[in-house]
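**Q** Based on the hints, put chains R and X in the right spot on chain A.
Next come the chains, spelled out residue by residue.
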Amino acid sequence: MLPDMPERISREEVAHVARLARLRLTDDELDAFTHQLGDVLAHAADVEALQLDDVPPMSHPLPLKNVLRPDVVDESVDRAEVLAAAPSAEDGQFRVPPVLGEAP
Amino acid sequence: MTDIMEGWETVIGLEVHAELATQSKLFSSSRNEFGGEPNTHVDPVSLGLPGSLPVLNEQAVELAIRVGLALNCRTQPSIFARKNYFYPDMPKDFQISQYDLPICAEGWMELPDGMRVGITRAHLEEDTGKSTHMGGGGRIHDAGYTLVDYNRAGVPLIEIVGEPDLRTPEDAKAYVAELRAILVAIGASDGKMEEGSMRVDCNVSVRRIGDPEFGTRCEIKNINSLSSLGRAIEYEARRQVDLVTSGARIRQETRHWNEDDGRTHTLRSKEEATDYRYFPEPDLVPLDPDQAWIDRVRAALPMLPSARRHRLAEAAGVGTETCALAVTRGLDDLAVAAIAAGADPARVLVHVDNNLADGAGALTAESFAALIALETGGQLSSTQTKAVLAELVARGGDPSAIAAELGFEAMATGELEALIDRLIAENPEDWAGFVDGDEKTRKKKSGFFTGQIMRETKGQADGKVVAAIMESRAGR
Amino acid sequence: MSARARDIAADVRAGRRSAVDVLEEHLARIAEREPEINAFNLVLADEARAMAQAVDAAVAAGDDPGPLAGVPVALKDNLCTRGIPTTCSSRILEGWRPPYDATVVERMRAAGAVFVGKTNMDEFAMGSSTENSAFGPTRNPVAPDRVPGGSSGGSAAAVAAGFAPLSLGSDTGGSIRQPAALCGVVGVKPTYGAVSRYGLVAFASSLDQIGPFAADVADAALLHEVIGGHDPRDSTSIPEPAPSLLARLGEGVAGLRVGVLKELCGEGVEGISPDVLARTRAAADALAAAGAVVEEASVPAAVYGLSAYYLIAPAEASSNLARYDGVRFGLRVDAATTGEMNELTRTAGFGAEVKRRIMLGTYALSAGYYDAYYGKALKVRTLIARDFAAAYERFDLLLSPTSPTTAFRLGDKTADPMVMYLNDVCTIPSNLAGHPSMSVPYGTGDDGLPIGVQLLAPAQGEAVMYRAAAVLEGGLS
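Going line by line, the protein sequences match chains A, R and X. Position 71 of the first sequence, counted from 1, bears residue number 71 in the working numbering, the numbering being contiguous throughout. Position 209 of the second sequence, counted from 1, bears residue number 209 in the working numbering, the numbering being contiguous throughout. Position 79 of the third sequence, counted from 1, bears residue number 79 in the working numbering, the numbering being contiguous throughout.
Be aware that one or more of the hints could be misleading.
So the derived label-pair ranges between C-beta atoms look like this [claimed, not checked]: (1) Asp28/A with Val333/X: 17 to 27 Å; (2) Ser246/R with Gly92/A: 19 to 29 Å; (3) Arg268/R with Ala45/A: 29 to 39 Å; (4) Lys65/A with Gln23/R: 20 to 30 Å; (5) Gly187/R with Arg394/X: 54 to 64 Å; (6) Gly92/A with Ser382/R: 20 to 30 Å; (7) Asp27/A with Glu270/X: 41 to 51 Å; (8) Tyr85/R with Glu12/A: 16 to 26 Å; (9) Val72/A with Gly196/R: 34 to 44 Å; (10) Val333/X with Gly92/A: 21 to 31 Å.
Because the hints were derived from the structure by calculation, they are not lab data. Remember, predicted model here, so these are calculated numbers, not experimental data. Just so you know, even glycine gets a beta-carbon here, dropped at the ideal spot from N, CA and C.
Okay, chain A solo, but in the shape it has when bound:
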């Protein structure tokens, strides 16, 4: 890509996406990702250019529907085993640093 060509995604957008994804990027990483994501999106221009208004999306490769399980309770996993794998636990619960704000 030529240096004066506008990128398909801006540095600011990349920074915004990083915040959404809970990733912290250095300035160098921001530059690199801006460029690399731009390349992938440029490659995807062939798809972007297709006229597909009448084509339904396919989110599943299989024609299955109504896959259901009976409402039956099974044994819970062992709490001690699960909490042992946690970075921090206290009183049978998972411990985390204070949470700022409420769930969105």
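**A** Okay, now just chains R and X, sitting in the frame of chain A:
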């Protein structure tokens, strides 16, 4: 001073989340139960462990279909979607919900006063775990730390989105109460707001009466009871009218109701709203309940509160609103049967509303009707009737026998006449006033004697019978 | 003695060989070459010995340990193994021990398999060379200066190096077939839904499939039969038993209609090397010689596969990988608030390629771009499925190269992500369609390195696909 709300209309739309009364979770087999030791109702799926996969609970779907039918919705093919956001009580950091294709759409619900409220949609989604803030001052912004319990994570929820058809806090409370009654009636949820199994978010806007456009709305969260729902709407509507009349603009935002100071506070503005990046959940396949299933669910539905109100209203010859309490108390079957057995409808409703707050106990429709016949026939005073009713609720039996046992029957005849004769003899001047006085005096003396009789009989004498005896003694 | 899985199982079941002896032979090979190859994140010597002893005990007691009795198997490190670390070759999962077994792991245990280790991979299966592993790259046993391909490079290398006769990988865009081709072994991506994904750490849920690696077609079929079949714990599992593959393996291809996929043979996608194309044509000739009717086939939308894939897979991954937040398991980098902790943990725990794909996927799903990117890609998927359906009206099977080139040198393609992504151009279309496909070794290139050809079949067409693979394999020997 005029109220600033004068000339303004509040527009209210509610989103109600109710936990569905299944045995197991929406997408996995751990137990759906309120409380319990932390993290003892969990499994790889509800903990969001790597490699785990959701499988939809059939009973949750059945309950959702029930809710949809009870709310006159269309049950339609639906899919699940992921709502992506980071929060520690959301184990996968996305919530499996339904987005553009909910299971139930376009229904309505009738309130006791006959008002119809539109239902936009009802959809299935999973609940989150619970965070408890520790240390600091117990508040979210104080330092300290947070403990997370995932027992509630993955519990099935139905989110019922209502149209903005409500106009007053009373409407809103009636809507939630009615919805709760429906959910409980059909066995979909226990509807307990205090345990959080039913939660209400509220959209509020204001407009000048007659204005065809809706105002900018704010969504209020953290409403934990019917009374706080009313107070939150009241507060929020005033806040918005205040803003608009002072020339300010209302920002579309999410606000938090604070029970302690009785105000709503900004949580976040529309601009900072999270980008949830909804997309179809690839781990689940489409849901498309067939007509036979829907028909089976419909056939098994119990009679709903509105239909029960209409049935009682028709039997009693009154409006549906008058029947609301009887239905809420689940006493409408009894009331309808008592009326069918010949009881006076007005007395039936009065007793149901005033004297049967704790239920009917051992009272049958037949004994209820027989008791009301004694009351309307003058054999029992209203106070005596109430006393007999309490006995019938406690142990059942025959109203006349119980009245006799309580000594009410004798009082009505000989005993009462003897008492009146004694009082006449003891108070000759007062009696003369009653017999010969002008209308004012007569009334006064009638009151004097009746008061004495009631005191002596501890209120068990029937006022009408007393009056009749006194008239007869006075030779009238 | 035979190193083939089916022979080992037959011998162990009959009491002719002990599972412990078989295991020790393989552990010896691992001890010898693993330091150079780095196929494993973890060698399970103790656990494997216990499993082998249990198999031998069962045989001694007159019980049948099952169709994989005493067969050493290597597991890609994104398959959950109860109590045994499962890392996805990521720092963020280092040390995590799942409290449960993947369904395929359960089924192999029940079939008498012996787990020798968890194999190296590109972090979270994102890559085509196994160079994206947080624990160092795996080397190609055929030529150790070369990559084994990826992302299941460790599983391919384990079979190629004789560390285990069988291994399991996962294939989202070619992650079994491409390394199989580069290492000269058989690798199969089953029909989507044919093998349960329960316990497979998700990369892109609508594309991921677990499948076998083996030194030959019959061994792959043996493992495929064990792991396949319905699983109620996976909603996308096909509600049918595993297909019967071994019994029909020798039926040949006489009368079968085979289409050579022109878009994947240089007429649609570029960069496929001449020697790879030559071997693909040779494979077509071999099938024709065996009685198949071979013609040119077209799946026009396949040329959009790469673009669609690199929107869909990252989008699903961005959501699947959100749970690595330092709260419940794995790495945590502590901080003053949970939000900051999430961010520092993910920043420290994920490698560059994983971050890149999370970023790409988050962007493709974000408000304002969904329709242009993710939504459009899902529609392209429909086009590809339709074009395949049309092709399968004329053909029973399709044929193409597996990988555009033979194994490349370590470091050759790491500078530019787009160059690495192009490795998947031939394998991606069947993932998007959900169809089965497999790579069969078919000679070598000008550099003497293995070349694989890809057989593609319609959904649940595995039996015919394996038959053709057996014919190609037989023609070579």
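**Q** I want to verify a distance hint. Is the separation of the beta carbons of Tyr85/R and Glu12/A within 16 to 26 Å?
**A** holds, 21 Å
**Q** Taking 41 to 51 Å as the stated bounds, is the beta-carbon spacing between Asp27/A and Glu270/X within them?
**A** At 35 Å between Cβs, range violated.
**Q** Verify the CB-CB distance for Asp28/A and Val333/X against the hinted window 17 to 27 Å.
**A** holds, 20 Å
**Q** Between Val333/X and Gly92/A, does the C-beta distance stay in 21 to 31 Å?
**A** Distance hint for Val333/X, Gly92/A holds at roughly 24 Å.
**Q** Do the Cβ positions of Gly92/A and Ser382/R conform to the proposed distance bound of 20 to 30 Å?
**A** violated, 57 Å
**Q** Could you see if the CB distance from Ser246/R to Gly92/A stays within 19 to 29 Å?
**A** Roughly 51 Å apart at Cβ, these two residues miss the hinted range, so it is violated.
**Q** State, for the Cβ atoms of Val72/A and Gly196/R, whether the hinted interval 34 to 44 Å holds or is violated.
**A** Since the Cβ atoms of Val72/A and Gly196/R sit about 25 Å apart, the hinted range of 34 to 44 Å is violated.
**Q** Confirm or reject the claim that Gly187/R and Arg394/X have a C-beta distance inside 54 to 64 Å.
**A** holds, 55 Å
**Q** So does Arg268/R sit 29 to 39 Å from Ala45/A, Cβ to Cβ?
**A** holds, 35 Å
**Q** Holds or violated: the 20 to 30 Å window for the beta-carbon distance between Lys65/A and Gln23/R?
**A** With a Cβ separation near 24 Å, Lys65/A and Gln23/R satisfy 20 to 30 Å, so the hint holds.
When each numbered hint is compared with the structure, violations occur for hints 2, 6, 7 and 9.
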